[in-house]
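Protein chains: 2
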Amino acid sequence: MTDSDVPGRIDETKGRLGARGGLQVTLSIDAMGGDRGPATIVAGIARSASKNPHLNFILHGPGDELDKLVRKRKILKDRVDIRDVPGVVRMDEKPSQAMRRADTSMRSAIDAVKDGEAQACVSCGNTGALMATSMIRLRKLDGINRPAIACLWPSRNPQGFNVMLDVGADIRADERDLLQYAMMGASYARNGLNLNVPRVGLLNVGTEEHKGRAELKAAQDLIANASGIGGYEFMGFIEGGDIPGDKVDVIVTDGFTGNVALKTGEGTAKLVGDFLKEAFKATPLSRIAALLALTSLKRLQKRIDPRRVNGGVFLGLRGTVVKSHGSADATGVSAAIKLAYELSASGFSERLAARVASAVASAQNDGTSQPK
Amino acid sequence: MTDSDVPGRIDETKGRLGARGGLQVTLSIDAMGGDRGPATIVAGIARSASKNPHLNFILHGPGDELDKLVRKRKILKDRVDIRDVPGVVRMDEKPSQAMRRADTSMRSAIDAVKDGEAQACVSCGNTGALMATSMIRLRKLDGINRPAIACLWPSRNPQGFNVMLDVGADIRADERDLLQYAMMGASYARNGLNLNVPRVGLLNVGTEEHKGRAELKAAQDLIANASGIGGYEFMGFIEGGDIPGDKVDVIVTDGFTGNVALKTGEGTAKLVGDFLKEAFKATPLSRIAALLALTSLKRLQKRIDPRRVNGGVFLGLRGTVVKSHGSADATGVSAAIKLAYELSASGFSERLAARVASAVASAQNDGTSQPK
Chain A
26 MTDSDVPGRI DETKGRLGAR GGLQVTLSID AMGGDRGPAT IVAGIARSAS
76 KNPHLNFILH GPGDELDKLV RKRKILKDRV DIRDVPGVVR MDEKPSQAMR
126 RADTSMRSAI DAVKDGEAQA CVSCGNTGAL MATSMIRLRK LDGINRPAIA
176 CLWPSRNPQG FNVMLDVGAD IRADERDLLQ YAMMGASYAR NGLNLNVPRV
226 GLLNVGTEEH KGRAELKAAQ DLIANASGIG GYEFMGFIEG GDIPGDKVDV
276 IVTDGFTGNV ALKTGEGTAK LVGDFLKEAF KATPLSRIAA LLALTSLKRL
326 QKRIDPRRVN GGVFLGLRGT VVKSHGSADA TGVSAAIKLA YELSASGFSE
376 RLAARVASAV ASAQNDGTSQ PK
Chain B
26 MTDSDVPGRI DETKGRLGAR GGLQVTLSID AMGGDRGPAT IVAGIARSAS
76 KNPHLNFILH GPGDELDKLV RKRKILKDRV DIRDVPGVVR MDEKPSQAMR
126 RADTSMRSAI DAVKDGEAQA CVSCGNTGAL MATSMIRLRK LDGINRPAIA
176 CLWPSRNPQG FNVMLDVGAD IRADERDLLQ YAMMGASYAR NGLNLNVPRV
226 GLLNVGTEEH KGRAELKAAQ DLIANASGIG GYEFMGFIEG GDIPGDKVDV
276 IVTDGFTGNV ALKTGEGTAK LVGDFLKEAF KATPLSRIAA LLALTSLKRL
326 QKRIDPRRVN GGVFLGLRGT VVKSHGSADA TGVSAAIKLA YELSASGFSE
376 RLAARVASAV ASAQNDGTSQ PK
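Listed in order, the protein sequences are those of chains A and B. Mind the numbering: the first sequence is residues 26 to 397 in my numbering, read in order. Mind the numbering: the second sequence is residues 26 to 397 in my numbering, read in order.
Everything labelled a hint here was simulated from the structure, so no lab data went into it. Because the structure is a prediction, the values reported are computed rather than measured. Careful: at least some of the hints might be erroneous.
As the list makes no split between identical chains, a pair holds if one copy fits it or if it spans any two.
Straight-line alpha carbon distances no greater than 20 Å define the calculated EDC-like cross-link-like pairs of lysine to aspartate or glutamate that follow [said to hold, decoys possible]:
#1 LYS76 / ASP271
#2 LYS119 / GLU240
#3 LYS323 / ASP109
#4 LYS242 / ASP117
#5 LYS93 / ASP109
#6 LYS327 / ASP299
#7 LYS295 / ASP140
#8 LYS272 / ASP299
#9 LYS76 / ASP195
#10 LYS327 / GLU303
#11 LYS323 / ASP299
#12 LYS242 / GLU118
#13 LYS165 / ASP195
#14 LYS97 / GLU240
#15 LYS302 / ASP271
#16 LYS272 / ASP89
#17 LYS323 / GLU303
#18 LYS302 / ASP140
#19 LYS139 / ASP128
#20 LYS327 / GLU258
#21 LYS102 / GLU142
#22 LYS242 / ASP92
Take these sequences, add in the hints, and give me the full structure.
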């Protein structure tokens, strides 16, 4: 791996790898369920494999089809173990149904993490089904009520990204869930963005203390009180405009609001980008300008390209699962794989588990209002 | 008025104005409560006055201060009636307290609409206080449970904008409220965006029918059933990415989600715009490119400038109230005034009242599941 989207992360990872003597990481990849089919998934892992010699893969899906796709890529020779699984979870399938089916590529991919064969799982499939299946196969960490999906969001902060959670694991969250999101989000920011004391904000419709829903007012007190044990600084209520801002590093919200905000932000960035392209095609002069500014515009595009931050991380489980966009292309799949690799190499899952366990122990000892 | 942000609206307005022989419109303006103080408000009305000879104003706030500011603007001579009111509603004041105070510029501005002196009210003040005061002074339309704030959102649609509501009147909305939002939003889109049969979408975390909160599933049926009487086409569930898209014209959601989405979209657009500016300053070549592309970039900036669509309209009251951004500059204030003028000139408030009344009557006659 020669580059990193996350400043400060890469040296740490390299250092750890060096100490382990170039330890290999095996990722378990659900080849099915993405909107573009398994060929895109295989193209994505090939791209990652060419950049990172420490990566190996277990690939889950219809054996013959996957075998043909993998054989076409020389870089994947001897680095992919194919598991022949016939079933595919459809995008419109109910999570409660999907999680009961034993023959799916999704379940097989998760089980490889459960059985210790792989360090993390990556899937482009149905989010609800992936979370439901992860919960019954991997199980939740002790002390966690609702696992969450955390995403990275381009921001004005020096680290270039903010963490937001939950962005869609569950449409509900009470004050105790929000407290757990603050703890988990801070841990992710500390390990993933290399911030010693991440600043946490609670998303609301106004920054005044009397505003917002009842559970937000209750959560405000819980999160403020647990800042010491969570290793974060609590900045209070924030608004939607602060999500890409530099006021906080971690945005805590319920999965309904977080999902709407994530998709609204992506849609708006894409709209502005498309309007920009139109503007540069408007006149002959602007077309020349676009040529002159090509490098700068490409830098801008890279900075706001949602594919670069593709990958929602499931937090609160006994194992790492990365959810890639259903519509991800090979670049997007490769970004999700990179994220899964970085989290595996840094031992994030074990660190988060230890942090949650110590919070639970502390709550039992000193009677603070943290959930058990 | 010589230009219009809303295609198709201006001719209709002109036509109506022509038939009325250049009827004057009087707007009631709360001079206080904006982040930038009364000088910015007066600068905004002066800008509007210079563009539109049919506009007159009643200005509410401390008499001496306002008198000095108005005297400096020749264009405002004989067009502004100042009401000396000492009290100002603070941004952090609780709505329940603010609405009880009789001496505020906000209440005085609303009362001028109530008393028929002005056709619409514009305020940059505390949103919650403005809504609470509007509700007790103007009262709700019969058949409306929760009034809503509707905003215009730049979109890929031919009309250039979509309508979203509620963006912050109330943090709660049950299925009947959401139905009323659909009816009111469709009426706004029909009158404000000149769409015969607006397409309405219900904001959710997924487009599959089983996803989302219970009230959203219930609202889906209610809104679908009322499409005939509401004069809209119901497109079902939509996601955050569809807000600036061309799939629907009207986005229905609760005021918590809508407010977060609005501010997230604004924040993201601003982030991309700032990154773009940085990109053009990166190299000497890109600086030359920026000069060449200046006209195109200005066109882009105008297209995504949130000040151009400044103004949330309160729907469901016996009178028109436009809420401008608290941080609006003179351009933003002027945009809110323009919106208030257009709604007044088109008789939108009366049309919406008639639509709601006929929906109530129909529900009583044929026993559909609409609220009484």
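Now the hints, each set against the structure:
1. LYS76 / ASP271: neither (31 Å within a copy, 39 Å between copies)
2. LYS119 / GLU240: Close across copies (19 Å), not inside one copy (28 Å); limit 20 Å.
3. LYS323 / ASP109: neither (40 Å within a copy, 56 Å between copies)
4. LYS242 / ASP117: between (35 Å within a copy, 16 Å between copies)
5. LYS93 / ASP109: within (13 Å within a copy, 81 Å between copies)
6. LYS327 / ASP299: Intra 14 Å, inter 15 Å, cutoff 20 Å: intra and inter.
7. LYS295 / ASP140: neither (40 Å within a copy, 46 Å between copies)
8. LYS272 / ASP299: This pair counts as between: shortest inter-copy Cα distance 17 Å, intra-copy 28 Å.
9. LYS76 / ASP195: neither (35 Å within a copy, 50 Å between copies)
10. LYS327 / GLU303: both (18 Å within a copy, 14 Å between copies)
11. LYS323 / ASP299: both (14 Å within a copy, 15 Å between copies)
12. LYS242 / GLU118: between (36 Å within a copy, 17 Å between copies)
13. LYS165 / ASP195: within (14 Å within a copy, 35 Å between copies)
14. LYS97 / GLU240: The answer is neither: 53 Å in one copy and 50 Å across copies each exceed 20 Å.
15. LYS302 / ASP271: Classified as between; 18 Å across copies, 28 Å inside a copy.
16. LYS272 / ASP89: Result: close neither inside a copy nor across copies, 51 Å intra and 39 Å inter.
17. LYS323 / GLU303: both (16 Å within a copy, 13 Å between copies)
18. LYS302 / ASP140: neither (48 Å within a copy, 50 Å between copies)
19. LYS139 / ASP128: Within one copy, since 16 Å is at most 20 Å while 67 Å is not.
20. LYS327 / GLU258: Neither. Shortest intra-copy (30 Å) and inter-copy (38 Å) distances fail the 20 Å Cα cut-off.
21. LYS102 / GLU142: within (19 Å within a copy, 81 Å between copies)
22. LYS242 / ASP92: For LYS242 and ASP92, the Cα distance exceeds 20 Å both inside one copy (54 Å) and across copies (43 Å).
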